[in-house]
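Could you put together the complete structure from these sequences and hints?
Note that the protein sequences, when read in sequence, are chains A and E.
Sequential numbering of the first sequence, starting at 1, is according to this note's numbering.
Sequential numbering of the second sequence, starting at 1, is according to this note's numbering.
A hint or two may mislead.
Some chain E residues well away from chain A (every beta-carbon gap over 10 Å; in silico) [unchecked claim]:
{"hint": "1", "residue": "THR4"}
{"hint": "2", "residue": "LYS22"}
{"hint": "3", "residue": "GLU104"}
{"hint": "4", "residue": "ARG126"}
{"hint": "5", "residue": "PRO127"}
{"hint": "6", "residue": "THR141"}
{"hint": "7", "residue": "TYR147"}
{"hint": "8", "residue": "ASN150"}
{"hint": "9", "residue": "PRO155"}
{"hint": "10", "residue": "GLY182"}
{"hint": "11", "residue": "TYR192"}
{"hint": "12", "residue": "SER205"}
{"hint": "13", "residue": "LYS209"}
{"hint": "14", "residue": "ASP212"}
{"hint": "15", "residue": "ASP230"}
The calculated EDC-like cross-link candidates involving lysine to aspartate or glutamate, where the alpha carbons are at most 20 Å apart (straight line), are [stated by the list, open to error]:
{"hint": "16", "chain 1": "A", "residue 1": "LYS204", "chain 2": "E", "residue 2": "ASP201"}
{"hint": "17", "chain 1": "A", "residue 1": "LYS172", "chain 2": "A", "residue 2": "GLU49"}
{"hint": "18", "chain 1": "A", "residue 1": "LYS191", "chain 2": "E", "residue 2": "GLU262"}
{"hint": "19", "chain 1": "A", "residue 1": "LYS204", "chain 2": "E", "residue 2": "GLU262"}
For the record, the hints were derived by calculation from the structure and aren't laboratory data.
Bear in mind that the values here come from a model prediction, so they are computed numbers and not experimental data.
We treat Cβ as the ideally placed atom computed from N, Cα and C, and that holds for glycine.
Protein chains: 2
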Amino acid sequence: MYKTCLSIFLPDTLTEETRDPKIKTYKVGIIGRAAAIFRVDEIIIYRDEGEGEAKFIRDILTYMDTPQYLRRKVFPLSPNLKHVGVLPPLRTPHHPTGKPYVGEYRQGLTLKRTRRGTLVDIGANRPALCKEKLTVNKILTFKIIKYGKNIIVEPEEPENVYWGYKVKDTGKSLEETLKSSGKDVVIATSKYGAPLTSILDEVKSRLEKAHDVAILFGGPYKGLPEIEADFTLNTIPCQGTETVRTEEAVLATLSIFNIIMEEEV
Amino acid sequence: MYKTCLSIFLPDTLTEETRDPKIKTYKVGIIGRAAAIFRVDEIIIYRDEGEGEAKFIRDILTYMDTPQYLRRKVFPLSPNLKHVGVLPPLRTPHHPTGKPYVGEYRQGLTLKRTRRGTLVDIGANRPALCKEKLTVNKILTFKIIKYGKNIIVEPEEPENVYWGYKVKDTGKSLEETLKSSGKDVVIATSKYGAPLTSILDEVKSRLEKAHDVAILFGGPYKGLPEIEADFTLNTIPCQGTETVRTEEAVLATLSIFNIIMEEEV
Chain A
1 MYKTCLSIFL PDTLTEETRD PKIKTYKVGI IGRAAAIFRV DEIIIYRDEG
51 EGEAKFIRDI LTYMDTPQYL RRKVFPLSPN LKHVGVLPPL RTPHHPTGKP
101 YVGEYRQGLT LKRTRRGTLV DIGANRPALC KEKLTVNKIL TFKIIKYGKN
151 IIVEPEEPEN VYWGYKVKDT GKSLEETLKS SGKDVVIATS KYGAPLTSIL
201 DEVKSRLEKA HDVAILFGGP YKGLPEIEAD FTLNTIPCQG TETVRTEEAV
251 LATLSIFNII MEEEV
Chain E
1 MYKTCLSIFL PDTLTEETRD PKIKTYKVGI IGRAAAIFRV DEIIIYRDEG
51 EGEAKFIRDI LTYMDTPQYL RRKVFPLSPN LKHVGVLPPL RTPHHPTGKP
101 YVGEYRQGLT LKRTRRGTLV DIGANRPALC KEKLTVNKIL TFKIIKYGKN
151 IIVEPEEPEN VYWGYKVKDT GKSLEETLKS SGKDVVIATS KYGAPLTSIL
201 DEVKSRLEKA HDVAILFGGP YKGLPEIEAD FTLNTIPCQG TETVRTEEAV
251 LATLSIFNII MEEEV
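Here you go:
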């Protein structure tokens, strides 16, 4: 049994049809939420034509994925994050809201190396100790081994729990980004693609064997550039509107793939 | 051959987890867009527990569905509409952006009765004449019969074109709203429902025979109240987040039903 890694590829222009920075923030927030709802592992931002805002998009998405108790430490005040107050929380298992407890998994920020190991901020009122020597200023996942006067943690990731997404800003075109990404199955989404229903069985059978699945989305005006994909699908057949915005397409498409990939299990 | 009427039922509390009026507006905008993308015929707002904002939600949704050229005439300035500048346009066929032409269908506002009939604003630089006597101050759909010095229109709706949604605010609980709605198939959505995939065939076969389909959504905190539905479905199996917000559920669910109902055709 293996886990499929699901990646979505987004253009750095996805915020371009809005000028309002608060709405831009919220719009990226919709994508962060969609990624978490549908257990996306990676969000990959590629360079589209036009004025992209890759750094803004990456900052917002990374901020959203960071547990509340680490946000202030990891993110200095910045204009990109001015409106983060409007972002909905992800409410994922890696954003615990209760008190830490033995056996719990938590993301922690490595603070400082000491003779005994590494001090880690896991959102308790005092640093935890990890006996390993770790690079400082990194967010890693730990398991709480002891929770008393001293808090002892070990680096360990939970299994079978959705643990957030990674964000990569490649700074390259979609084509170049894809080339170096090593995905098994690449699905482009386009209004001009084949209606998903027409080749559903073929898509399903490819997904069954896939380890790394990429779903590609285009910008709000132009859609996807021409690209070699395993499938180019219209996931919204008979759309009632002239265009579908990137964040709408992301939610709608991931919802369908969630059902398709669920059926396999 | 008949057309299925698709209705979505939404709680008047759907905006309650945001205080920011601009974000509230945008959030309702996501629902208006989702309805148009997936060709929803009716949006029905029911009374939920707590401080609802039915009028605000109805105003925004109705505003969005109104062609740009009639908006100022139909909607006086109001605090509810203060932030409509952030709303994305629907870009549906009933929101034409070009010049009127003979044979075109347009929504028009009935302005005034005259001896010859009724004057109608169809977004041209002069009123059109409809030779019928119509109630004034109503938005109706017309076909342009003549487009010269005089513009002549007749009341007529296009066929097989998505022509926007109606909005109803019932002021009643979901249960009462449903009772008087006369729907053939009622689908409740809930995290605690049966995973859609487990009863997909049954759902499909019921939908095939349905004329009036209702999909019910709950509020952002409590989900749906207990209700008698034909199906209670979890349309987002294995969700990665603790909760799914109403507008997220609407987009995700309509996307799936779009595929299911498409497959029938």
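Evaluation of the provided hints:
{"no.": "1", "hint": "THR4", "in the structure": "holds, 12 Å"}
{"no.": "2", "hint": "LYS22", "in the structure": "violated, 6 Å"}
{"no.": "3", "hint": "GLU104", "in the structure": "holds, 16 Å"}
{"no.": "4", "hint": "ARG126", "in the structure": "holds, 27 Å"}
{"no.": "5", "hint": "PRO127", "in the structure": "holds, 28 Å"}
{"no.": "6", "hint": "THR141", "in the structure": "holds, 16 Å"}
{"no.": "7", "hint": "TYR147", "in the structure": "holds, 23 Å"}
{"no.": "8", "hint": "ASN150", "in the structure": "holds, 31 Å"}
{"no.": "9", "hint": "PRO155", "in the structure": "holds, 23 Å"}
{"no.": "10", "hint": "GLY182", "in the structure": "holds, 24 Å"}
{"no.": "11", "hint": "TYR192", "in the structure": "holds, 16 Å"}
{"no.": "12", "hint": "SER205", "in the structure": "holds, 17 Å"}
{"no.": "13", "hint": "LYS209", "in the structure": "holds, 20 Å"}
{"no.": "14", "hint": "ASP212", "in the structure": "holds, 18 Å"}
{"no.": "15", "hint": "ASP230", "in the structure": "holds, 19 Å"}
{"no.": "16", "hint": "A:LYS204 with E:ASP201", "in the structure": "holds, 17 Å"}
{"no.": "17", "hint": "A:LYS172 with A:GLU49", "in the structure": "holds, 11 Å"}
{"no.": "18", "hint": "A:LYS191 with E:GLU262", "in the structure": "holds, 15 Å"}
{"no.": "19", "hint": "A:LYS204 with E:GLU262", "in the structure": "holds, 18 Å"}
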